[in-house]
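S.K.: Sequence:
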Amino acid sequence: MDATTIGAVLALAGVLSGSVVAYLGKRGENTTTRMNSELDQIQEERDKLREQLAARDQKIEGLLEQRVADQVEIARLRVKVVNLGGDP
Numbered sequence: 001m002d003a004t005t006i007g008a009v010l011a012l013a014g015v016l017s018g019s020v021v022a023y024l025g026k027r028g029e030n031t032t033t034r035m036n037s038e039l040d041q042i043q044e045e046r047d048k049l050r051e052q053l054a055a056r057d058q059k060i061e062g063l064l065e066q067r068v069a070d071q072v073e074i075a076r077l078r079v080k081v082v083n084l085g086g087d088p
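Numbering (our numbering), first residue to last: 1 to 88.
None of these hints come from the bench; they were simulated from the model.
All residues carry an ideal CB built from backbone N, CA and C; glycine is no exception.
A hint or two may mislead.
Per label pair, the in silico range of CB-to-CB distance [to be verified]:
{"id": "1", "residue 1": "Lys-80", "residue 2": "Gln-41", "range": "29 to 37 Å"}
{"id": "2", "residue 1": "Thr-31", "residue 2": "Arg-67", "range": "28 to 36 Å"}
{"id": "3", "residue 1": "Gln-71", "residue 2": "Leu-49", "range": "28 to 36 Å"}
{"id": "4", "residue 1": "Asp-47", "residue 2": "Ala-22", "range": "36 to 44 Å"}
{"id": "5", "residue 1": "Ala-55", "residue 2": "Leu-77", "range": "48 to 56 Å"}
{"id": "6", "residue 1": "Tyr-23", "residue 2": "Leu-49", "range": "35 to 43 Å"}
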């Protein structure tokens with residue numbers, strides 16, 4: 001083999017190895033992009049769930065306050081019934 005043939009074979013090997021490296025690099029880049037996208041979606045869902053939990057906690061707090069107010073009113077009415085001569 002002469003030097004031109006050896007040079008052509010080496011160039012072909014270099015081009016093929018460069019293509020393989022570029023292909024694998026692009027696959028890695030796509031995987032990283034996909035993973036980042038999934039993580040962003042998970043974080044958005046987590047934030048929405050936190051907002052829902054906060055709203056639920058506020059509703060529960062309001063219901064507990066209403067329950068206390070109702071118990072106070074029931075106690076007041078029982079006292080009134082007893083004062084009027086009734087049986088609570």
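S.K.: Each hint needs a verdict: does it hold in this structure or not?
M.R.: Verification of the hints:
One distance hint, 29 to 37 Å for the beta-carbon pair Lys-80 and Gln-41, is violated here, with the actual separation near 58 Å. In this structure the supplied range 28 to 36 Å is violated for Thr-31 paired with Arg-67, their Cβ-Cβ distance being about 53 Å. Judged by the Cβ atoms, the range 28 to 36 Å given for Gln-71 and Leu-49 holds: they are separated by roughly 33 Å. Range check, Asp-47 to Ala-22: about 37 Å between beta-carbon atoms, so the 36 to 44 Å window is met.
The hinted window of 48 to 56 Å between Ala-55 and Leu-77 is violated, with their beta carbons roughly 33 Å apart. Evaluation of the 35 to 43 Å hint for Tyr-23 and Leu-49 yields a pass: the beta carbon distance comes to about 39 Å.
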